[in-house]
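Asker: The residues making up each chain are set out below.
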Amino acid sequence: MGESPTSEIRSHIVGTTAVVYASDYLNKLTGERIERECKKQLDSGCRALVIDFSDTSIVNSIAVSILLGIIDIAEKKEARVVFSDVNDQAVQLFEMLGLIKHVVLAKDEQEALDLFTPPNQTPAMSH
Amino acid sequence: MPLRVISWMVLSFSLLLPKLNQFSMESNTQKLIHSFSALADLGQEIADSGDFIEMVRTSLHLLLGTIGIRRGAVIECSRHLETTNSLALWGLSGDYDGRLIVDESDKDGFLSLNEGALRIDSGVDANGPALAPFLARHLEGLRAEGIELVVPTIVRGAVTGLVLLGRKASDEVFTPEDIQVILAMVRHIGVGIHTHRLLGEVKQRAEENERLYQDLRAIYRDTVRAFAAAIDVKDTYTQGHSERVGKYSEIIARELGWGENEVEGIAIAGYLHDIGKLAVERQIINAPYRINAKESSELNRHPAAGFDILSPIHHPYADIPLMAKYHHERLDGRGYPDGLIDEQIPLGAKIVSLADSFDAMTTDRPYKTRRTFDEVIHDFRRNTGSQFEPQVVAAFCRALLKELNGETKERKFLKMLGKNYLNAEKDAPLLRELLSELDPNTKAAAAGGA
Numbered sequence: 005m006g007e008s009p010t011s012e013i014r015s016h017i018v019g020t021t022a023v024v025y026a027s028d029y030l031n032k033l034t035g036e037r038i039e040r041e042c043k044k045q046l047d048s049g050c051r052a053l054v055i056d057f058s059d060t061s062i063v064n065s066i067a068v069s070i071l072l073g074i075i076d077i078a079e080k081k082e083a084r085v086v087f088s089d090v091n092d093q094a095v096q097l098f099e100m101l102g103l104i105k106h107v108v109l110a111k112d113e114q115e116a117l118d119l120f121t122p123p124n125q126t127p128a129m130s131h
Numbered sequence: 032m033p034l035r036v037i038s039w040m041v042l043s044f045s046l047l048l049p050k051l052n053q054f055s056m057e058s059n060t061q062k063l064i065h066s067f068s069a070l071a072d073l074g075q076e077i078a079d080s081g082d083f084i085e086m087v088r089t090s091l092h093l094l095l096g097t098i099g100i101r102r103g104a105v106i107e108c109s110r111h112l113e114t115t116n117s118l119a120l121w122g123l124s125g126d127y128d129g130r131l132i133v134d135e136s137d138k139d140g141f142l143s144l145n146e147g148a149l150r151i152d153s154g155v156d157a158n159g160p161a162l163a164p165f166l167a168r169h170l171e172g173l174r175a176e177g178i179e180l181v182v183p184t185i186v187r188g189a190v191t192g193l194v195l196l197g198r199k200a201s202d203e204v205f206t207p208e209d210i211q212v213i214l215a216m217v218r219h220i221g222v223g224i225h226t227h228r229l230l231g232e233v234k235q236r237a238e239e240n241e242r243l244y245q246d247l248r249a250i251y252r253d254t255v256r257a258f259a260a261a262i263d264v265k266d267t268y269t270q271g272h273s274e275r276v277g278k279y280s281e282i283i284a285r286e287l288g289w290g291e292n293e294v295e296g297i298a299i300a301g302y303l304h305d306i307g308k309l310a311v312e313r314q315i316i317n318a319p320y321r322i323n324a325k326e327s328s329e330l331n332r333h334p335a336a337g338f339d340i341l342s343p344i345h346h347p348y349a350d351i352p353l354m355a356k357y358h359h360e361r362l363d364g365r366g367y368p369d370g371l372i373d374e375q376i377p378l379g380a381k382i383v384s385l386a387d388s389f390d391a392m393t394t395d396r397p398y399k400t401r402r403t404f405d406e407v408i409h410d411f412r413r414n415t416g417s418q419f420e421p422q423v424v425a426a427f428c429r430a431l432l433k434e435l436n437g438e439t440k441e442r443k444f445l446k447m448l449g450k451n452y453l454n455a456e457k458d459a460p461l462l463r464e465l466l467s468e469l470d471p472n473t474k475a476a477a478a479g480g481a
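From first to last, the protein sequence lines stand for chains P and G.
With this note's numbering applied, the first sequence covers 5 to 131.
With this note's numbering applied, the second sequence covers 32 to 481.
Simulated from the structure, these hints should not be mistaken for laboratory data.
Just to be clear, a hint being listed does not mean it is correct.
[Said to hold, decoys possible] Below are the EDC-like pairs computed for lysine to aspartate or glutamate, each with C-alpha atoms no more than 20 angstroms apart in a straight line:
1) G/LYS433 / G/ASP458
2) P/LYS44 / P/ASP76
3) G/LYS433 / G/GLU456
4) P/LYS105 / P/ASP76
5) G/LYS399 / G/GLU326
6) G/LYS278 / G/GLU420
7) G/LYS457 / G/GLU438
8) G/LYS199 / P/ASP76
9) G/LYS446 / G/GLU456
10) G/LYS278 / G/ASP395
11) G/LYS446 / G/GLU286
12) G/LYS325 / G/GLU312
13) P/LYS80 / G/ASP202
14) G/LYS199 / P/GLU99
15) P/LYS111 / P/GLU99
16) G/LYS199 / P/GLU79
17) G/LYS265 / G/ASP395
18) G/LYS443 / G/GLU274
19) G/LYS278 / G/GLU291
20) G/LYS446 / G/ASP458
21) P/LYS80 / G/ASP126
22) P/LYS80 / P/GLU36
23) G/LYS138 / G/GLU113
24) P/LYS81 / G/GLU176
25) P/LYS80 / G/GLU176
26) P/LYS105 / P/GLU82
27) G/LYS265 / G/GLU326
28) P/LYS81 / G/ASP126
29) P/LYS105 / G/ASP202
30) P/LYS105 / G/GLU203
[What the hints assert, rightly or not] Simulated DEER-style distance windows between Cβ atoms:
31) P/GLN114 / G/SER143: 52 to 62 angstroms
32) G/LEU170 / P/ASP118: 38 to 48 angstroms
33) P/ASP118 / G/ILE132: 47 to 57 angstroms
34) P/VAL108 / G/GLU232: 47 to 57 angstroms
Predicted model, so just to flag it, every value in this text is computed and none were measured.
A virtual CB, placed ideally from N, CA and C, is assigned to each residue, including glycine.
Let's have the full structure, built from the sequences with the hints guiding it.
Answerer: Next up, the structure:
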């Protein structure tokens, strides 16, 4: 497993899945950074995105729109999107606005990665 | 947060509240908080953003994120053209450019919409016949992009743009409450577009006014130059004198650190300083001999005559008539027409006076050839403090020294004096010496330059 130190957003790749970490306050600036990172990972061949919200306490409207855009891009590339470790408030927001229909929610990053890994197989991690 | 944004939020909230209180209690509170927060963000964005396109883009995101809509666009309707211009697109296909045909009858149709928004799939019956031509033109294209709602931005009874919205991410239909929130947000996006348009118009008019002003100044300058040429034509022996005095005056004023507008003004004063000669008999001006006292008295009328000619004109620069009137005054009070002393003489007139004298000394006259540069410096030394203002002489010397030292791009003195008049090696030390006499503080600096 490796994190890219130069990136504005923390991320790493596990097999063909990219794990992207959302920041504390998800707004226009941080939302656009996540969007860029997700696009980059999809363009480089990732077939699944895990967006980890473990550090995220607030998600504003602009970020919701940007997340919808990420879902759109992923769908066009036939990639799956999983949101992991989302707090209750954000879950309610995502339910209210229909994002839940297009993503899978996972308890944490490991559960998200397990969704893409057949049972009894350890995921291969790389940069 | 600015007061106007808070006022705007309170107003928007109070308008929305009666509509939103129909929500179910459980989802109501969360939706209300989410919508209110988005409205506050939108108000802040519209009030604070200096980048119009970024403001529209962010506003679109706010709207989409508030309702949970996957795609949308904000497009601007021109006042004069039927083709729209896209300001922000999100989630639409790469080929879609947001260009629509919206004519005046379409705009009337949007103004008469009952619900405030055009529902693409409801057809003509629900939206009214006024928008049938618009739907006929664009229904297929909008459907292909997944657009479900078209909401006009209306400011002061005019359609300024359209907001195109796709389906909700939840795949649910738009509720009346959604529409109310959308209309509230679109109204404010419309205000943002309108404000930007007004600012653009104000800027455009200011630029037009500036261009007109510059044109007028150019016409004024050309007219002044024509006058200067007319003055010099009357004096056969001093052709180009007025123009040169204008240029020397400009050089001195710039060296004294005057602003660009004041420098232009002093140049004009130089061009026009002898305009009073138009009122003096040609034989006196062109006399090929030293004129007598009576003729001299007649000639000496020209500064006051110049003042009379120039005073009724509204010049774009200050004190031009006074500079013409007092360019023959001396610090010691022995000048004319009023015998002013030192501080009574405007600095501009002192500049023109030196420029006038320098040109007179360095051009051939019918009764004498021009002086050598040594003689000019000698004259400056002898008359500074009695005829000439020391700081003006010093500025003149510094400017000339810079040119001789090759510190200036243009060789202005060389052009006016001819290439054989000045000799840098010989004349620069003379200037430095005079400068050090005028201001002992400059001695070290002047001695250092070569």
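Asker: Does the structure keep G/LYS446 and G/GLU286 at a Cα separation of 20 angstroms or less?
Answerer: 18 angstroms, holds
Asker: Measure nothing beyond the straight line between the CA atoms of G/LYS265 and G/ASP395; if it is 20 angstroms or shorter, mark the hint as holding.
Answerer: Holds: G/LYS265 and G/ASP395 sit about 16 angstroms apart, inside 20 angstroms.
Asker: Could you grab the alpha-carbon distance between G/LYS457 and G/GLU438 and see if it respects the 20 angstroms cut-off?
Answerer: Distance of about 17 angstroms is within 20 angstroms: holds.
Asker: Within a Cα-Cα threshold of 20 angstroms, do P/LYS105 and P/ASP76 meet the stated pairing?
Answerer: 12 angstroms, holds
Asker: Can you confirm whether the C-alpha distance between G/LYS278 and G/GLU291 stays at or below 20 angstroms?
Answerer: OK: G/LYS278 and G/GLU291 at ~14 angstroms, within 20 angstroms.
Asker: Is the hinted range of 47 to 57 angstroms satisfied by the C-beta distance from P/ASP118 to G/ILE132?
Answerer: 53 angstroms, holds
Asker: Within a Cα-Cα threshold of 20 angstroms, do G/LYS265 and G/GLU326 meet the stated pairing?
Answerer: The given pair, whose Cα atoms are some 16 angstroms apart, holds under the 20 angstroms limit.
Asker: Should the hint that G/LEU170 and P/ASP118 are 38 to 48 angstroms apart at their CB atoms be regarded as holding?
Answerer: The hinted range 38 to 48 angstroms holds for G/LEU170 and P/ASP118, with Cβ atoms some 46 angstroms apart.
Asker: Given the hinted pair P/LYS105 and G/ASP202, is their Cα-Cα distance within 20 angstroms?
Answerer: Holds - the C-alpha atoms of G/ASP202 and P/LYS105 are around 9 angstroms apart, at most 20 angstroms.
Asker: Please work out if G/LYS325 and G/GLU312 have their alpha carbons no farther apart than 20 angstroms.
Answerer: 12 angstroms, holds
Asker: Is the straight-line distance between the alpha-carbon of G/LYS278 and that of G/ASP395 20 angstroms or less?
Answerer: 19 angstroms, holds
Asker: Below or equal to 20 angstroms on CA atoms is what counts here, so check G/LYS446 against G/ASP458.
Answerer: At roughly 17 angstroms apart (the allowed maximum being 20 angstroms), G/ASP458 and G/LYS446 satisfy the hint.
The structure is consistent with each of the numbered hints, conforming to all of them.
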